[in-house]
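Using the hints, position chain B against chain A.
Just so you know, the sequences run in chain order A and B.
To convert, note that position 257 of the first sequence is 257 in full-length UniProt numbering; the numbers rise steadily by one, no gaps.
To convert, note that position 89 of the second sequence is 89 in full-length UniProt numbering; the numbers rise steadily by one, no gaps.
Because the hints were derived from the structure by calculation, they are not lab data.
As the structure is a prediction and not an experimental result, all values here were calculated from the model.
Do not rely on the hints blindly, as some may be mistaken.
Treat identical chains as interchangeable: a pair holds within one or across any two.
[Stated by the list, open to error] No farther apart than 20 angstroms at their CA atoms in a straight line, the calculated lysine to any residue pairs in the SDA-like style are these:
(1) K39 <-> A91
(2) K202 <-> A57
(3) K202 <-> G61
(4) K103 <-> A58
There are 2 protein chains.
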Amino acid sequence: MPDDVPSGFTVPPGWAGDVHEFDPHATPGFDGGKKKGEKHLLACDDSLADLQERLFAAHHGAASGGRSVLLVVQGMDTSGKGGIMRHVVGAVDPQGISITAFKAPTEEEKQHDFLWRIRPHVPAAGQIGVFDRSHYEDVLIHRVHGWADAEEIERRYAAINAFEKEITDSGVTIVKVMLHLSYAEQGERLMERLERPDKHWKFNPGDIDERGYWSAYMDAYSKALSATSTPHAPWVVVPADRKWYARIAVQQLLLQALGEIDPQWPAADFDVAEQTARLRETFASQG
Amino acid sequence: MPDDVPSGFTVPPGWAGDVHEFDPHATPGFDGGKKKGEKHLLACDDSLADLQERLFAAHHGAASGGRSVLLVVQGMDTSGKGGIMRHVVGAVDPQGISITAFKAPTEEEKQHDFLWRIRPHVPAAGQIGVFDRSHYEDVLIHRVHGWADAEEIERRYAAINAFEKEITDSGVTIVKVMLHLSYAEQGERLMERLERPDKHWKFNPGDIDERGYWSAYMDAYSKALSATSTPHAPWVVVPADRKWYARIAVQQLLLQALGEIDPQWPAADFDVAEQTARLRETFASQG
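In isolation and in its complexed conformation, chain A is listed as follows (with noise of 0.2 angstroms):
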């Protein structure tokens, strides 16, 4: 694996600034361009298919403290989250990964309150899970349109704060990611979408309407990390101006997730000479 260690930027608990502040064009830890970030992407899957193999191995059907990770991937439109599916999530084995894309709620899950459908999609032991959107959506787009008060987003930061508490105590390492796109960035991807007759069922007219809050969207985005980077929870802010960037820095975080499980093959709980023995005698047959 290179040496270079692709990081994004790591939002400190009582951060109070703002997004602005990080530069979606930067490269944080990374020194090269396009060529070399795929090529860093590609050395790194080996690895991070074989961490993800022995996370599943040693902690899989575990009763009670079992080890999994949750990977939730925020960001506006055209930020790229469909990539980091297809060219990090993609470079693993699918049976150890779950992804849910968190749409709009359903009438049965407006009827409840908003962590209740994502309880469900917490990853059993073992297991990557992956958000697509998350239970972030209701302090990021309901804040911007006033769907939800002031007040009640406040009360939404505590829940998060203690929900997130809860399952990191249980098991689960929390790797939120925020892909950081700028403004002029997101117009050209919207319009290459536009422009290509393949990409036209990506595109939705509400896209634009959505592009016209991108400042209460910014500003959402920097209260939402001020009030939920928790020492157990924290964020990253990921560069995602260079789609590449985005990629091996989402890689490297679950890396260094797994990394820090350190999950190693279990010992056998048979004895090995004895089934040797045993599956030795069925040679004999034909079967």
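Positioned in the frame of chain A, the structure of chain B alone reads:
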């Protein structure tokens, strides 16, 4: 894409034979060895990923008449089901895939008819669903161990055929694969799991017990394939003694299923010129 079409052996409706007719070591439709096979797999990855994306673009969210693909993978222990998931299914966008591994039923599942736990996992429009084991366990292991009598097994065949007819009529293309392993090759693969400490977690002494029922399993497969290889959902016996072959054969079956659906990029449901003009207006702002 290479000219070879690794096809496995399709079981014609009305067949009433014995799975021993099929050679687990054969490579039907493919003229080449391991090296060429591995190249073939990689060479076809892009086609599969492209067709999957088109399926998703064309059909996801369809209220009715939407198309999806269901790959059912059955096979004895060590037949390579996991490798199919990693190397064939794993090459497409994980956002368009849902894999379900059916284990021994829970207490709650046992209180329902055998299809009760299956139906929720039928893939939604636009998706590729994959079953790692399936409703066929209820006519395989259940027959072998006598957990269901002959009459009940017959009822289940009929229920399976009706279920599969109904879901194919609703737009699901079903690809049913038996990974066909030889008794000798299973012995080698189990031995490898015992020899390698990093494979011990995959071994269970019960695997040797089940191996003792090999011929009863082959008989159960023969009867199940005879009873449920239908025009709407035929079985394909895929020789699995060579892992590389089984992978390219299953990949090819998915390519064919998707190719028959022939999903097209959907036309824009908005005025492209109008939206382009709207978007261009936003470029003057700084966000």
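(request) Classify it for me, K103 with A58: is the Cα-Cα distance of at most 20 angstroms met within a copy, between copies, both or neither? (result) Classified as between: cross-chain Cα gap 18 angstroms, same-chain 33 angstroms, threshold 20 angstroms.
(message) Regarding K202 and A57, is the shortest C-alpha distance of 20 angstroms or less found within a copy, between copies, in both, or in neither?
(response) between (37 angstroms within a copy, 8 angstroms between copies)
(request) Please work out whether the CA atoms of K39 and A91 approach to 20 angstroms or closer within one copy, between two copies, in both situations, or in neither? (result) This pair counts as both: shortest intra-copy Cα distance 14 angstroms, inter-copy 18 angstroms.
(message) When Cα atoms must be at most 20 angstroms apart, do K202 and G61 count as within-copy, between-copy, both, or neither?
(response) between (38 angstroms within a copy, 13 angstroms between copies)
Against the hints set out earlier in the document, no violation occurs for any number.
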